[in-house]
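We have chain L; now place chain H onto it with these hints.
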Amino acid sequence: DTGVSQNPRHKITKRGQNVTFRCDPISEHNRLYWYRQTLGQGPEFLTYFQNEAQLEKSRLLSDRFSAERPKGSFSTLEIQRTEQGDSAMYLCASSLVDGKAGANVLTFGAGSRLTVL
Amino acid sequence: AQSVTQLGSHVSVSEGALVLLRCNYSSSVPPYLFWYVQYPNQGLQLLLKYTSAATLVKGINGFEAEFKKSETSFHLTKPSAHMSDAAEYFCAATNTGGFKTIFGAGTRLFVKA
Numbered sequence: 001d002t003g004v005s006q007n008p009r010h011k012i013t014k015r016g017q018n019v020t021f022r023c024d025p026i027s028e029h030n031r032l033y034w035y036r037q038t039l040g041q042g043p044e045f046l047t048y049f050q051n052e053a054q055l056e057k058s059r060l061l062s063d064r065f066s067a068e069r070p071k072g073s074f075s076t077l078e079i080q081r082t083e084q085g086d087s088a089m090y091l092c093a094s095s096l097v098d099g100k101a102g103a104n105v106l107t108f109g110a111g112s113r114l115t116v117l
Numbered sequence: 001a002q003s004v005t006q007l008g009s010h011v012s013v014s015e016g017a018l019v020l021l022r023c024n025y026s027s028s029v030p031p032y033l034f035w036y037v038q039y040p041n042q043g044l045q046l047l048l049k050y051t052s053a054a055t056l057v058k059g060i061n062g063f064e065a066e067f068k069k070s071e072t073s074f075h076l077t078k079p080s081a082h083m084s085d086a087a088e089y090f091c092a093a094t095n096t097g098g099f100k101t102i103f104g105a106g107t108r109l110f111v112k113a
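The listed protein sequences correspond, in order, to chains L and H.
Its first residue numbered 1, the first sequence is counted upward by one per residue in the working numbering.
Its first residue numbered 1, the second sequence is counted upward by one per residue in the working numbering.
One chain only, chain L, in its complex shape (with noise of 0.2 Å):
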């Protein structure tokens, strides 16, 4: 078990252009997580699937964002027309829900870092 692995690690463009970041989860993990985070702050939840189902997304997650994860296994994240703001590190996680929903563990990713200039 590698973990959970993320790509790119680093991206720098354009405002204007579109970038997909993609993340692979444990495999036996059944939850997988966005967040971003920028500097100073914590991570801020952006959406959750559970298998392939996106059961959730933050406010912040705008029309320009959008997550899919076929079949339940990898994941993508794609935002379209980037913004200046939207330069942060986006983080990856899964987990695996137990009978304590609550209590699940978050393995996480090392993170894209999104420049956009």
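It is worth saying that the hints were derived from the structure and are not from the lab.
Mixed in with the good hints, there may be bad ones.
Said to hold, decoys possible - So, partial list: chain H residues that the calculated Cβ filter (under 7 Å) puts toward chain L:
id, residue
1, L44
2, F90
3, F99
4, G104
5, G106
6, R108
Ideal Cβ placement from N, Cα and C applies to all residues, glycine included.
Chain H in isolation, oriented as in the chain L frame:
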């Protein structure tokens, strides 16, 4: 809405000194609480978690945290700091639905030789 507050964005201690990182949560129902650590260029890693089994929770690397309902606090401590403890620490809580983990802003720990 549930929130997590970490007092102090930066804490500096000498090697061998006590480490105390403060965390308060806001919730009408005691949530599940966590401490995560983030080393440079690495993902967040779980240090310890509180799930209502015991109020004093022991984690990895000699860290522990005590849940105090009356103070809505979950402070992280370590008796003796090591240089390798220098990192950013995040307190977190799950929402009552159990699917969203909410993080504090983080506290960066510096350890002086």
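Hint check results:
1. L44: 4 Å, holds
2. F90: 5 Å, holds
3. F99: 6 Å, holds
4. G104: Status holds, d = 5 Å.
5. G106: 5 Å, holds
6. R108: Violated - the Cβ of R108 (chain H) stays beyond 7 Å from chain L, reaching only about 9 Å at its closest.
Violated hint for the displayed structure: number 6, the only one.
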